[in-house]
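**Student:** Residue-level listing of the chains:
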Amino acid sequence: MKKLLVVLLVLCLATVAFATGAKEDSGTKTWNVSLITMDSMDQHWVSCFEGAKDAAKELGVTVTFDSPDTKDDNKQIEKINNAVAAGKDGILLAANAQDAPVAALKEAQAAGVKIMYVDSPANFDTLRLFATDNREGGKKIGERLLQELKAQSVTSGKIGIIGVNKATESCNTREYGFRDAFEGQGYTLLETQYCDGDATRAKEIADNYIAQGCVAVYGSNEGSTVGAGNAAKEALAAGIKVIACGSDASDTNKQLIKDGALLCIMGQNPYQMGYKGVYAMVDLLNGKDLGGYQYVDTGVNVIELSNVAQF
Amino acid sequence: MEKNGLLKRQLSKQGMRQVFTVTCGLIALCIAFGIINPLFFSQRNISNLLRQIAPIILIGIAQSFVLITGNIDLSIGSVVGVSTMMSATLMTKGMNPWLAAFFTLLVSLLFGLVNGYLVAGFKLPPFIATLGTMTIGRGIAQIVNNNYNTGAINTIEKTAEAVDRFRNFFYYGKFLGIYNGVWIALAVFIVFNFILNRTKSGRYLYALGSNPEAARLSGVNVLKTTTIAYLVSAFCSYLVGITQCCSAGMGAMDAGNSYEMYGVAASVMGGVSTLGGTGKLIGTVVGACIWSVLQNGLQFANAPVAIRNIVIGIIIIVAVLLDIIVRNRKPKLADSKKQ
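Protein chains in written order, with my numbering: chain R, 1 to 311; chain D, 1 to 339.
Keep in mind that the hints were calculated from the coordinates and are not lab data.
Errors might be hidden in some of the hints.
[Unchecked claim] Each computed DSSO-like pair below joins lysine-lysine, with the alpha-carbon atoms no more than 30 angstroms apart:
#1 LYS200(D) to LYS258(R)
#2 LYS233(R) to LYS224(D)
#3 LYS140(R) to LYS150(R)
#4 LYS233(R) to LYS123(D)
[What the hints assert, rightly or not] To list a few chain R residues with every Cβ distance to chain D over 12 angstroms, as calculated:
#5 SER40
#6 ALA103
#7 GLU107
#8 ALA199
#9 GLU222
#10 THR252
#11 GLN255
#12 GLN294
As the structure is a computational prediction, the values presented were derived from the model and not from experiment.
Where a beta carbon is used, it is the ideal one built from N, C-alpha and C, also for glycine.
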């Protein structure tokens, strides 16, 4: 029993050490901006935070990364409430769902907190949105896939789609764009299956699609694309013809392009979202007149084997 | 007639009755899915499906061991997460995958040890104790790579080949035409089934679950027995975590989220009681098969995800309800055996 007490004590000390290590120096009074993305895991959000951090350094303001650990509307709402309670001056939000955070955002605005969107807006008016045109991006991937299928003279067949979950609007919008590209082209687009962003679950879903004889599989976010790529890699090695494509230029996905497992991915510029977002937010906090609402398209790249080295 | 009666007695004695019922259900499900989409029975899907069942079997065994002792382990999913993240992080830092897996094993087993001591040593309610370790585990999974998912595990030149071999060993490779993951799950099942049915430790696990006080008075070491159950649980969860790391080729912080509940589902569908003392691992295997067949078959049926969730929920309830109905309808058989 004594031994166990020692172990527990060590654990407690370790926790304290972690906790104090994680605390950040706030320094002198500057604008405090909170970046709240959909989750804190995808490399997409990590890049977005990198951009925000760089802008913050240039401007001499503080940006904290206050995203929930997983994509969850309620957790995101709590993060918004916490940012308000912690006295942040501005919130840069990538809304997980369009309606869910509206009430929290109203309260935040009433408390004097300025709000702008990166990546995905909610149904609540703000002055700026820095984002990818997801519908257009999804469509570009669809068109590239269509071109490849025709080049391989596959003119019909089933196509599987892996989504994140029903509530994640940006990914669903990409999927609609992808479906747009196949309108009237003679392919059957199957019912979307959701993987909750889990690459292992996505791999299983993709395996199931391939076993059903799908000619292509599309993933609408990082995890689902990793799953689609890994499944295609395995199928191709076994001599089954299938094309995988998807979204988000993470290291793992870029590696899968180099391995020949993914045809193409929709690359966004999350760094620019964070970077431009912080600049605009600080302008607003400094009382500069930004005019009315403006959507700033941060652009989309179709990343494939020929150009993957540039990203 | 005599033989039939013997079979029945044997089934009820071993707690095998529900296993028999749900196996029939499993077969019916498979036939139904095969009719809806004949590709369900394609050779490709069968091997695919078996590989999807494997981690659910492991998770099921993990939870069954603890349920049999009358406790519960909520930390299973988090141990999966710790295992995935820790092994993947070490590999992205250039560590040999087997060495990374070894260190990860030690950390994972620590969870089993702490759970066992908290529940049996400090007499914390298992629900609370493992709720705590579940949350701690998720935190550790998040902190090992500084709150980020890892990158690809096979990008360091020095270890890339070893990592690919490692990934094949746990997930992508085949032996005798069947994926390695299935063999691993089978081996784990055989070993732990043997321990549960043929050893003193196994009998103690059941004894502890049916009547903890009586077990203690008749000399069962409660602390040791409980800790064994939690260690088995942590070990199986660890294996699933490694498999996930191998399958995705990266570490994800939310890997294994809510797997503890999949474990409960597989266990109870297979006849393991949440009250402890009864249940067979073979039942858990059948339960795991039902779970995965539903996930796989409903996708083949092109069912929307909402329908899938509803159907799975209903089947969990029906599987357990059916057993209760059958049990109540044949009180004589059960009574004559019990009393």
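**Student:** Against chain D, does GLU107(R) hold up as non-interface, every C-beta pair farther apart than 12 angstroms?
**Tutor:** Holds: least Cβ distance 27 angstroms, greater than 12 angstroms.
**Student:** The output says SER40(R) does not contact chain D. Does that hold with a beta carbon cutoff of 12 angstroms?
**Tutor:** 6 angstroms, violated
**Student:** For the pair supplied as a hint, LYS233(R) and LYS123(D), confirm whether the alpha-carbon distance does not exceed 30 angstroms.
**Tutor:** Distance ~50 angstroms between LYS233(R) and LYS123(D) Cα, so the pair is violated.
**Student:** Has the given pair, LYS140(R) with LYS150(R), been kept, meaning a C-alpha gap of at most 30 angstroms?
**Tutor:** 15 angstroms, holds
**Student:** Taking the minimum C-beta separation from GLU222(R) to chain D, is that value above 12 angstroms?
**Tutor:** The assertion about GLU222(R) is violated, with a minimum of 8 angstroms to chain D.
**Student:** Hint check: LYS233(R) vs LYS224(D), CA-CA at most 30 angstroms. Holds or violated?
**Tutor:** Since the Cα atoms of LYS233(R) and LYS224(D) sit roughly 46 angstroms apart, the hinted pair is violated (cutoff 30 angstroms).
**Student:** Far enough from chain D: is every CB of that chain over 12 angstroms from the CB of ALA199(R)?
**Tutor:** 4 angstroms, violated
**Student:** Minimum C-beta separation from GLN255(R) to chain D exceeding 12 angstroms: can you confirm that?
**Tutor:** 4 angstroms, violated
**Student:** Using Cβ atoms and 12 angstroms as the threshold, tell me whether THR252(R) really stays out of contact range of chain D.
**Tutor:** Nearest chain D Cβ is 4 angstroms from THR252(R), so the label is violated.
**Student:** Would the least Cβ to Cβ distance between ALA103(R) and chain D come out above 12 angstroms?
**Tutor:** Given a closest Cβ separation of 25 angstroms, the condition holds.
**Student:** Does LYS200(D) pair with LYS258(R) here, judged by a C-alpha cut-off of 30 angstroms?
**Tutor:** 54 angstroms, violated
**Student:** Just want to verify: GLN294(R) was marked as not at the interface with chain D; is every Cβ pair farther apart than 12 angstroms?
**Tutor:** 31 angstroms, holds
When the structure is compared with the earlier hints, violations turn up for hints 1, 2, 4, 5, 8, 9, 10 and 11 and for no others.
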